[in-house]
Amino acid sequence: MKKALGIIAIFLAIFVFASLYGENFLTGINLMQLTQRTALYAILALGAALVIVTGGIDLSIGSVVCLAGITTPWLLIEHEWSPWAVVPTVLAMSAGIGLFHGLLITRLKLQPFLVTLCGLLLYRGIARWMTGDQTQGFMGEHGDLRKLATGRFEIPGVENFLLPATVIPAAILAIVIGVFYSRTVWGRWLLATGRNESAARYSGIPTAGLVTISYVGCSLLAGFGGMLFIFDISSAQPSDFGNFYELYAIAAAVLGGCSLRGGEISVIGVIFGAATLQVLRTTIILVGLSSQLEFAVIGAVLLLGVAADEGVRRFLSRRLERSAAAVR
Amino acid sequence: MMSRPMQPERSDQRPVVLSVRGVGRRYAGVVALAGVDLEIRGGEVLAIVGENGAGKSTLLKILSGVVQPSEGSVAVADASGALRELALDGVREATDAGIALVHQELNLAENLDVAGAIYLGREPSRFGFLDRARMRAESARWLARVGLDLDPGTLCGTLRIAQRQLVEIAKALSTESRILILDEPTSSLTTRETERLLEIMDELRRAGVAVVFVSHHLDEVMKIADRVVVLRDGRKTGELARGEYDRAAIERLMVGRDIARAERRAVAADAATRLEVHGLVTTHRRRVPASLAVRAGEIVGLAGLVGAGRTELLEAIAGLGASSGIVRLDGRALPAGASARVRAGVALVPEDRARNGLFLEDSVATNMSLAWIDRSSRARLVDARGERGMVERMVGRMQLRPAQPSRRVQTLSGGNQQKSVIGRWLAIHPAVLLLDEPTRGVDVGARAEIHAEVRRLAEQGSAVVFASSELEEVLMLADRILVMYEGVIAGELSAHEATEIAIMQLATGGGTPRAHPPTAQP
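Heads up: the protein sequence lines correspond to chains R and U, in order.
With the first letter of the first sequence counted as 1, position 234 gets the number 234 in this note's numbering; the numbers rise by one all the way through.
With the first letter of the second sequence counted as 1, position 29 gets the number 29 in this note's numbering; the numbers rise by one all the way through.
Derived from the structure by calculation, the hints contain no laboratory data.
Treat the hints with care, since some could be wrong.
[Unchecked claim] Okay, the calculated beta carbon distance ranges per label pair:
id, chain 1, residue 1, chain 2, residue 2, range
1, R, 99, U, 352, 30 to 38 Å
2, R, 314, U, 340, 57 to 65 Å
3, U, 340, R, 129, 38 to 46 Å
4, U, 352, R, 155, 54 to 62 Å
5, R, 107, U, 325, 22 to 30 Å
6, R, 295, U, 151, 49 to 57 Å
These numbers come from a predicted model, not from an experiment.
C-beta: ideal position from N, C-alpha, C; glycine also.
Between the sequences and the hints, there should be enough to build the whole structure, so can you do that?
What follows is the structure, encoded as structure tokens:
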């Protein structure tokens with residue numbers, strides 16, 4: 001929770017700024033859209049957090065989003081599979097990708113950066129080749145299935161705002177992951193593994209297995225997120241769908257307090273990290289900045305956030321050092 | 001073994017080169033050091049001893065300008081020999097004043113060669129280019145001074161710890177320092193390397209250098225020191241000159257009480273064999289299979305020089321690293337892999353605790369409960385309340401200071417860090433406890449407490465194997481001693497027939513394995 005305070009403050013600052021200076025920011029439709037997008041990106045960011053906790057990284061998230069997202073309508077429409085077959089197939093494929101990454105990293109001791117960088121190229125290429133680089137969509141069919149992402153629920157007593165359906169899986173995942181790390185033996189062991197992999201091994205922790213599972217979880221969430229994304233937008237092009245999503249996911253996780261050194265996670269922080277990025281994107285447009293500036297602004301804010309975080313960390317460790325010297 | 005005591009010389013006639021009056025230091029209101037008076041003379045070796053938390057490191061840091069005293073004054077002799085009060089506002093000023101500190105943690109950049117490391121930050125240059133030839137020539141001179149036969153072009157990353165230590169000292173000397181301060185210089189050296197270092201300290205003393213060092217090993221202190229200053233709880237409790245001190249006197253001043261020597265226990269002759277190792281080939285380069293058996297309640301000490309294969313043997317028993325052979329617990333062969341072995345009750349306290357033992361940024365509680373949460377979990381859920389209780393009991397049992405489970409392990413002293421690692425295993429009451437250098441960098445009091453806990457575990461029927469480079473520790477703790485040499489168990493000695501000389505003979509390849517090795521004169 002303490003780790004999340006920083007990002008919550010940043011979020012509130014941007015939110016207040018946007019409310020004051022952005023036209024139509026505090027409208028029901030805009031807030032609904034923000035919530036929807038935050039939930040979708042939070043699912044990817046939680047996945048990224050799983051591997052960042054182990055001290056690793058997954059650069060293939062965007063390409064897995066693309067492959068899983070594109071495969072879904074491709075199987076449903078072009079190959080006329082039943083939804084009952086398609087959803088498990090796509091999720092199994094995503095988990096398989098994660099397993100592949102995890103085994104390469106833990107058994108062959110390849111670097112996570114390299115393995116998933118190759119994955120980034122690989123899955124995008126497969127998606128484009130598989131579909132002949134053609135746009136894939138639902139052609140107005142499978143409306144019920146798409147409700148998983150497009151559904152909206154009324155909140156009693158609240159007007160002008162309907163709760164997007166994607167909030168439900170995002171919230172469930174957040175709770176499950178939060179409980180996993182704070183309450184289960186495996187979660188505690190994974191945090192220890194991220195802190196000091198060697199000491200974890202010496203302590204009898206099955207590090208290879210746990211790290212592999214983390215990569216499976218990350219790709220599974222990316223695949224699940226990819227499905228929800230395409231349900232939401234109805235059609236997408238294999239060449240650009242999911243581009244840069246891994247960076248949004250990683251940025252959200254890091255903003256939310258996951259150290260890239262591993263061993264730290266704050267689920268609330270990750271969600272606020274995802275929300276901050278979405279509010280920022282919207283704000284850029286609503287205050288009349290050119291949307292071409294989007295990446296530049298996000299980059300600058302990220303840099304500021306990370307620099308502030310490092311500053312605080314140094315300050316704390318200096319204080320720690322002093323108290324440590326006093327003990328000696 | 002160093003048989004002769006080193007030159008007892010009267011040193012009170014020598015010039016004072018550094019003097020501190022009433023120095024103290026507080027950190028956020030906590031007194032780390034108070035009212036210490038000290039004089040350091042050229043051409044003498046001064047030892048500073050005390051338990052962890054006694055203020056030794058703080059004193060060294062003040063002497064070397066790393067921290068500034070919050071009270072009192074520091075005076076350094078200038079070129080004419082007159083003492084002048086000086087504010088050492090940083091390492092730079094201290095270096096200029098002729099003071100050099102060799103840290104306990106060695107800070108050599110691994111990718112530099114030895115000459116580069118010695119001249120780091122003050123490289124000689126010609127026309128703006130590095131003057132490599134001069135750097136190497138000068139370095140070679142300083143290396144010779146510390147008796148290190150090493151090509152200055154050697155990469156630091158390839159050096160052994162003892163060699164690094166000497167390079168650090170060469171580096172300190174190369175700044176033309178008159179006062180050399182060493183913080184626990186022998187904590188990671190073998191007996192032989194320690195002897196060598198003591199000889200070098202003696203040579204420096206003869207050359208007029210003032211040598212100040214901190215050590216937990218009273219043996220070394222008594223061999224070399226002209227004077228011993230004892231600190232306790234941030235205050236100086238005594239200063240003894242050569243001839244005035246003996247071990248008991250120093251220990252009394254350190255802890256304010258006599259340390260009770262443990263009675264040697266007898267292992268029941270009919271105790272069942274718990275740990276059995278058959279033809280275990282470890283990662284040691286010689287790959288000679290090793291076999292041994294340890295009975296319930298028995299403490300076996302592994303002696304030997306660094307590189308003899310003790311660490312490899314312990315790690316192989318713990319299921320770490322590639323190995324082949326059979327490890328049995330209570331007659332049942334154990335599956336491979338560290339996590340399976342831990343589950344079966346085989347636990348290892350590793351040699352390098354910062355790298356392999358601890359999660360430095362985490363709390364004592366997190367460090368201690370790592371294995372316990374697995375044993376006690378229901379449906380893989382951590383029993384949080386039970387965990388708190390267990391940690392609190394263990395903090396009390398291990399006598400951790402300060403007794404705060406939420407404290408970051410990083411901020412603890414070496415002894416308390418080690419207690420956290422050992423506590424992690426005692427919490428699951430292991431059937432076999434393996435300890436690799438269990439009290440390296442641990443002060444006298446904590447060492448006695450750790451030994452007591454290890455004995456207690458053995459008395460409850462566990463099998464214990466520990467490796468130690470300190471003969472004193474091996475002789476004190478072990479019921480039976482296995483001596484390793486070049487990857488082979490070269491001999492076995494029972495506690496009552498073992499002497500330092502008998503062990504060293506086997507450890508240096510001077511003995512053949514036999515039931516009754518020659519009993520040497522002590």
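Here's how the hints hold up against the structure:
1. R:99 with U:352: 30 to 38 Å: 33 Å, holds
2. R:314 with U:340: 57 to 65 Å: 41 Å, violated
3. U:340 with R:129: 38 to 46 Å: With a Cβ separation near 44 Å, residue 340 (chain U) and residue 129 (chain R) satisfy 38 to 46 Å, so the hint holds.
4. U:352 with R:155: 54 to 62 Å: For residue 352 (chain U) and residue 155 (chain R) the Cβ distance comes to about 56 Å; the hint holds.
5. R:107 with U:325: 22 to 30 Å: Distance hint for residue 107 (chain R), residue 325 (chain U) holds at roughly 23 Å.
6. R:295 with U:151: 49 to 57 Å: 52 Å, holds
Checked against the numbered hints given earlier, this structure breaks only hint 2.
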